[in-house]
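Student: Given next are the chains, with one letter for each unit.
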Amino acid sequence: MASVQFAAATRLYPGTHQPAVSHLDLQIHDGELMVLVGPSGSGKSTALRLVAGLEPLDEGAVFIGDRDVSDIRPRDRDIAMVFQNYALYPQLTVAENMGFALKQHKVPKEERAARVREVARVLGLEPFLDRKPKHLSGGQRQRVAMGRAIVRKPQVYLMDEPLSNLDAKLRVQTRAELAELQARLAVTTVYVTHDQVEAMTMGHRVAVLREGLLQQCDTPHALYHEPANLFVAGFIGSPAMNLFTCRSDLPVRVGDCFLDLDAEMTSRLSSFGGDRIIVGFRPEAVRVGEGPLTAHIRTVEDLGSEAFVHVAFDHNGETVAAVSKMPAPFKGKTGDNIDVQLAGTVHAFDPGGPRIATGAGRFAPPA
Amino acid sequence: MAGSAGARLGVGERRSVNALLGAVAWLATLLFFFPVFWMVLSSFKEEQDANTSPKLLFSPTLDRYDDVTSATSGLLSFREAFFNSFWVVTVSTVVVLLLAIPAAYALAIRPVPKWRDVLFFFISTKFLPVVAAILPLWILARNFDLLNSRLVLMILYTAMNLPLAVWMLWSFFREIPRELVEAAEIDGAGLRGQLTSVILPIALPGLAATALLCVIFAWNEYFYAVQLNPASGSTIPIWVTTNISTRGNFLAKLSAASVLACVPVVLAGWLAQKRMIRGLSMGAIK
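One line per chain: the protein sequences are W and G, in this order. When we follow the numbering used here, the leftmost residue of the first sequence carries the number 1, and every step to the right adds one. When we follow the numbering used here, the leftmost residue of the second sequence carries the number 368, and every step to the right adds one.
Hints are supplied without guarantee of correctness; some may be wrong.
[Unchecked claim] With a straight-line Cα cutoff of 20 Å, these simulated SDA-like cross-link-like pairs (lysine to any residue) come out: (1) W:153 to G:549; (2) W:103 to G:559; (3) W:325 to W:287; (4) G:481 to W:55; (5) G:493 to G:483; (6) W:103 to G:562; (7) W:134 to W:123; (8) W:134 to G:564; (9) W:169 to W:181; (10) W:132 to G:546; (11) G:481 to W:56; (12) W:103 to G:564; (13) W:153 to W:2; (14) W:132 to G:543; (15) W:132 to G:564; (16) W:103 to W:118; (17) W:153 to W:111.
Everything labelled a hint here was simulated from the structure, so no lab data went into it.
Full structure from sequences and hints, please.
Tutor: Next comes the structure, spelled out in structure tokens:
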């Protein structure tokens, strides 16, 4: 087991002008499950491939443990990778697939068979050892791909969207199993996904990437409650954070109400130089039913346990949308006029991106 | 045709169109097959039957096969020609595959810079008419003392089939998911391991199709053979022509020789049919 470190790692694909990964500095601790998350084209898969050695570095370095592996071949890096499409060798049986790497590393046949059997037992794959991948279900193939990685006992696991080909129910189940397995094996894991729920539930820490640049790397809790910038605020959380462009003069106005902010936030905003800010608050901070802001309901999504109430109101002369997370059942219906209150954390962002302040806030009626 | 543009054909009309298309297909097939059929038929006839007015009813005989396979001193025998062809075809096909596999790997799986130009260069070597190259080839062969040797044909057939084999294998290798090769690489397989454990087993139908086409082209080649090796070291197509004589009737004998020349490739094609069709359509199936 070992740590993984990106040191100003940069990868520029030939024929492109913008690096897929740009000066990435990231330290992944020994035994940690680090999730790289971001929209497509964010460079998360490229970053993973840099660790695997499947992409060359244009600048910087990648370390596994104390060893600079930047110029070391993939097979000499002591890593195992799980691919999105599993990449099982179609002509080999499950047992041969799982034992392939051991065979390449000249592990004696008996030891190989014993290790494959042991991992197959843990993953419940024993009945399928003699089958070819084409005769397995999607979930079973995913397990074989996992087994192929585990059986090697590598220093680092690299996982490239390993659950994205599973159906929703199986994905949730496998997600939990995978997190449990990783905790038990305590092997450093770099996990790439575009699914923020996967990122938040599995990662010890989560690194959010956008256009090759690291936006924030922190615990899921910190990412959610203290997003470093506008992008992270909008990307993490479902439904997404409500964001409104406002004038930065105090008191800040949202719709026809003022924002009543706590003292610390007020003082931070008063020292902000720009004339505009972006105000953001999570759907669970929006209470629908009473409050000083008047809005009308656009649609209600009832999920059974909770309801997402989408409302619209006038703000700076245009109609803007907001979403509230309310307990179900929710009584209102589309077209109803309704009062809205803010009861929770409010974030303020520089329109250029960085977060300026976070604090408690509520709507106050116009004076 | 139905009246207005875009109108659909009725069931009856569709049926008659299908019947017509079927009849045309049969006619075309018969047109292509008839000369072959006639050749096979003639090979079982007496010379005078083969040369006189065509008739379907005759008493078949294997004598012409005896005639063409029994060795005549001073002439290229069937046995000699067969083994010459066998060695030339086998060696050239094996060498072609040995060279084409790594070339196709470098173009499809780990593309070298300017791989498109390289690929075009390979096929462009086929643009030059063979007849335009034959004089320099003949001079080279003479200078290296290779005229009338099997080696000159092995070298030329390798060169002749290599571009085609690289193109075919390139298209088959391209179908192999990149992740499989990467997985093998991470699992510790070197270049040879990747080829033998992952790429070749998956591309086996394509490999078989490529090998078979190389065999067929090399087996059937006549022009180089007649120019550079017309003597005793020569191949089956040359042997077939030795059965043409300036005097007397030779049609039945020539037919028997032609049938013998066709048998190995037809047999190989038939045996490899399933593989080959899968191989040739590999690019079409996702």
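Student: Next, verify each hint and record whether it holds.
Tutor: These are the hints, each one checked on the structure:
1. W:153 to G:549: 19 Å, holds
2. W:103 to G:559: 14 Å, holds
3. W:325 to W:287: Holds: residue 325 of chain W and residue 287 of chain W sit about 8 Å apart, inside 20 Å.
4. G:481 to W:55: This hinted pair holds, its Cα atoms lying about 19 Å apart.
5. G:493 to G:483: 16 Å, holds
6. W:103 to G:562: With Cα atoms ~15 Å apart, residue 103 of chain W and residue 562 of chain G stay inside 20 Å; holds.
7. W:134 to W:123: 18 Å, holds
8. W:134 to G:564: Between residue 134 of chain W and residue 564 of chain G the Cα gap is close to 18 Å, so the pair holds against 20 Å.
9. W:169 to W:181: 19 Å, holds
10. W:132 to G:546: Judged against 20 Å, a Cα distance of about 18 Å means the pair holds.
11. G:481 to W:56: 19 Å, holds
12. W:103 to G:564: Status holds; Cα separation ~11 Å.
13. W:153 to W:2: Roughly 12 Å separates the two Cα atoms, so the pair holds.
14. W:132 to G:543: 17 Å, holds
15. W:132 to G:564: The given pair, whose Cα atoms are some 15 Å apart, holds under the 20 Å limit.
16. W:103 to W:118: Roughly 16 Å separates the two Cα atoms, so the pair holds.
17. W:153 to W:111: 13 Å, holds
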